Amino acid sequence: MKKHFRLAALLVALVMLAGLVSGCGGGGEEKKAADANEIVIGGNLELSGPVATFGTAMKNGAEMYFEEVNAAGGVLGKKIKFNVMDNKSDATEAANVATRLITQDKVVAVMGAATSGNTMGFMQVATDNKVPIITPSGTALEVTVDPNTKKVRDYVFRTCFIDPFQGIVMANFATNDLKAKTAVLYVDNQSPYAKGLAQFFKDSFIKQGGKIVGEEAFMPEDQDFKATLTKIKGLNPDVIYVPAYYEPVGKIVKQGREIGITVPFLGGDGWDSPKLPEIAGGAALNNTYFSNHYSSQKDDPEIKGFVEKYQAKFGQVPDTFAALGYDTAVLLVDAIKRSEDASPEKIKEALANAKDVQAITGKLSFDENHNPIKGAVILEMKDGKQVYKTYVQP
Amino acid sequence: MEVFFQQLINGISLGSIYALIALGYTMVYGIVQLINFAHGDIYMVGAYLGFFATAILGWSFIPALLLAMIVCAILGVVIEKLAYKPLRNSPRIAALITAIGVSLFLEYGMMLLVKPDVRTFPQVLSEVQYKLFGNLVITNRQIIILVITVVLMLLLQYIVHKTRMGKAMRAVSYDKQAAQLMGINVNNTISFTFAIGSSLAAAAGVLVGIYYNAINPLMGIMPGLKAFVAAVLGGIGIIPGAMAGGFLLGIVEAMVSGYGKSLYRDPAAFIILIIILIVLPAGLFGKNVREKV
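Chains A and B, in that order, give the protein sequences.
Letter by letter, the first sequence follows residues 1 to 394 of the UniProt record's numbering.
Letter by letter, the second sequence follows residues 1 to 293 of the UniProt record's numbering.
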C-alpha cells in the first residue's frame with residue numbers, strides 16, 4: 001500500500017511544480033523601460049481565471065481614460081503608457097507580475113489587483129520598492145491597514161469602499177427593506193473578502209435584532225453545493241447571505257433554486273459580472289440583491305456620459321469594475337499632475353492628499369486609512385438584468 | 001427523514017458522476033495495472049467537447065453526448081498508444097509519472113486552447129422540477145444523469161460479459177501472456193479498454209456540464225481524485241466495485257455536508273481512502289473475486 005501514498009505525494013509535488021512553472025511564464029516579448037516622453041503606469045489585473053471579467057472591465061475602463069488624457073496632450077507634458085499584465089486571478093502570479101512591472105518596466109504606480117487576496121499577494125513587493133499601488137476593488141479592511149500594527153500601509157490605496165461598509169449596508173437592507181429576522185451565511189472559505197463581508201454582515205445583523213441561524217462554507221472550486229443547500233433550506237432562514245465571487249455564486253443560486261429555496265440570496269460587489277446570469281440563469285436570480293459601487297442606471301450626468309462613451313467603444317454597458325478602473329485612472333492621473341515630477345514617492349504623497357476628485361462612483365477623497373469616502377448602491381437582479389434599487393450614504 | 005431522502009438524491013446524482021469516472025480508472029488498472037491519472041482530464045475534455053457541440057455547433061443533448069464519447073474514446077486510444085504503450089515493459093513508476101505528465105499536458109494544453117475562463121453551457125435541457133412526497137425535490141436533470149449512468153453501466157456489463165471483446169478483456173486482465181498464446185490480440189484489447197473507459201469519462205463530463213452549467217480546464221482534478229478514491233473503495237480493478245464505490249462516495253459526501261460541516265466533505269473522502277487502504281486494502285468487493293477487468 002506504500003505505493004499509493006508515494007503516488008499521492010508525487011502527485012502533489014508535481015501539481016505544485018506545475019503551478020510554479022505556469023506562474024513563471026507569461027509575457028514573452030521584452031518591453032523596454034520608459035523613455036523620457038512617457039510615464040509608465042503598470043496594470044496588475046485579472047485578465048484570465050475565475051475573476052477574469054473584473055480585471056478585463058478595469059483594463060477597459062482605465063485604458064479609456066488614459067486615451068482621453070493622451071489625446072488631450074498627456075500629463076506634465078508626457079504621454080501615459082498603460083502596461084497591463086495578467087495575474088491569472090492568482091496571488092502568487094500577482095507577485096510575479098508586480099516584480100516585473102516594478103523592477104523591469106520601471107512603472108511609477110501600479111493599478112490592481114481586482115480582489116483583496118491578489119492585491120495582498122503583491123503589496124509587499126510594491127512597498128519594498130516604494131511604488132504606490134491602488135486597487136480598484138480590493139475591499140478587505142486589511143488591504144490598506146495592517147491588522148497587526150493597526151497602521152496604514154503607506155503605499156497602498158483603493159478606489160472602492162471597504163468591506164465593513166458593504167456588510168453593514170446589506171445587513172441594514174435585509175433588516176429594513178426585506179424585514180428579515182433570520183439569516184444564513186454561506187461563505188467562500190478561501191477568500192479574505194468573503195470572510196470580511198460575512199463578519200460585518202453578521203455583527204450588524206445581530207445588532208439590529210436579527211438572528212444568524214446557520215454558518216456554512218464552501219471551496220471556490222466546488223461544483224456541487226446541493227447537499228449544503230439542502231441543509232440550509234431545512235434551517236428556514238429569511239435570507240441567505242453569499243459574499244463570494246460570481247462563479248460559485250452562480251452555481252449556488254442555480255442549485256439553490258433547483259432544490260426549492262425561494263428566499264432572497266444577498267451578496268456583495270463580487271457578484272457583478274455578466275457571467276453571473278449566464279451561469280445561474282436569469283429566472284433563478286430573481287429575488288436576489290447585492291451591494292455595489294455604482295449603477296449604470298443611476299440618474300447622474302457623470303454616469304450617463306461615461307456609460308455612453310464606454311458603450312460606443314466596447315459595445316457593452318460598463319459594469320462596476322469598468323467604472324472603478326476608470327476612476328482609478330482618474331485618481332492616478334490627478335495624483336501625477338499634482339506630483340510635478342511623476343516620481344513614485346511624490347505620486348504616493350499626492351494620492352494621500354487627494355481631495356474631491358470628480359470620478360464616476362462619486363467625488364473621491366481619501367481618509368487617513370487610504371479609503372475613499374463614498375456611498376454604495378443596492379442592485380436587484382430581475383430576469384438576469386441589474387435593476388437599481390437604492391443608494392446608501394456612509 | 002425528508003432531508004435525509006433529499007440528501008440521498010443529491011448524493012446519488014453526484015455519485016453517478018464519480019462512478020462513471022471510476023469505471024475508467026478501474027478498467028485500465030485491471031488490464032494494465034496502471035493508475036491513469038490523466039483520466040480526470042479526459043472527463044474535462046469530454047465536458048469541453050459537449051460545450052463545443054451544444055454551444056458552438058448548436059447540437060442537442062444526445063448527439064453532443066455521443067460526439068464527446070466518440071472523440072474521447074479516440075483520444076484515450078491515442079494517449080495509450082503514444083504515452084503508455086512504449087512503457088508497458090518499464091517499471092510501473094515510469095508509466096505512472098507519464099500519466100501525471102499526460103494529465104498536466106491535457107490541463108494546461110486545454111487552458112492554452114480555450115483560455116482559463118469559466119464557460120457556461122447553453123440551456124439544452126430545460127429545467128423541470130418534480131415534487132415527491134411533499135417537499136422532496138428532484139429535477140429532470142438529476143433523473144437524466146441517473147438514467148444515462150445506469151444505461152451506460154448496463155451496456156458496459158453487457159460488453160464485458162457477453163461479447164468476444166469483453167471475453168478478451170477479461171482474459172487479458174487475468175493473464176496477459178496466456179491470453180496472447182490463446183490468440184488474443186492484447187494490444188487491441190488494451191486499446192479497446194482505454195476507449196471504453198475514456199468514453200464513459202466523457203459522458204460524465206457532458207453530464208456535469210449540463211448539470212452544473214459551468215466548466216473550466218482544471219475541473220477534472222478533484223473529481224478525478226474522488227473517482228480514484230471510489231475505485232479504491234470498491235476494489236481497484238473490479239467493475240461493480242467502482243460503481244458501488246462511486247455511489248457510496250457521493251452519498252457519503254452529501255451526508256457529511258448535510259449533517260456535519262460543509263468543509264468536512266473533502267477530508268471525509270480522503271479519510272475513507274486511508275481507512276480502506278489500512279483495513280480492507282483490496283476494497284469492499286475485493287475479497288475472493290479474482291476476476292478483473
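Rather than coming from a laboratory, the hints here were simulated on the basis of the structure.
The reader is advised that the hints may include incorrect statements.
To be verified - Just so you have them, the derived chain B footprint on chain A, three or more residues with Cβ under 8 Å: (1) 46–57; (2) 212–218; (3) 243–254.
Said to hold, decoys possible - Chain A is nowhere near these chain B residues, computed Cβ spacing over 10 Å in every case: (4) 14; (5) 81; (6) 83; (7) 88; (8) 90; (9) 133; (10) 159; (11) 165; (12) 171; (13) 185; (14) 195; (15) 219; (16) 222; (17) 255.
To be verified - Facing chain A, a subset of chain B residues (Cβ under 7 Å, in silico): (18) 6; (19) 94; (20) 254; (21) 258.
Keep in mind it's a predicted model, so treat the numbers as computed, not measured.
In this text, a Cβ means the ideal position worked out from N, Cα and C, and glycines have one as well.
Tested hints:
no. : hint    : result
1   : 46–57   : holds (count 4)
2   : 212–218 : holds (count 3)
3   : 243–254 : holds (count 4)
4   : 14      : violated (5 Å)
5   : 81      : holds (23 Å)
6   : 83      : holds (15 Å)
7   : 88      : holds (18 Å)
8   : 90      : holds (16 Å)
9   : 133     : holds (13 Å)
10  : 159     : holds (29 Å)
11  : 165     : holds (30 Å)
12  : 171     : holds (26 Å)
13  : 185     : holds (30 Å)
14  : 195     : holds (25 Å)
15  : 219     : violated (7 Å)
16  : 222     : violated (7 Å)
17  : 255     : violated (8 Å)
18  : 6       : holds (5 Å)
19  : 94      : violated (12 Å)
20  : 254     : holds (4 Å)
21  : 258     : holds (5 Å)
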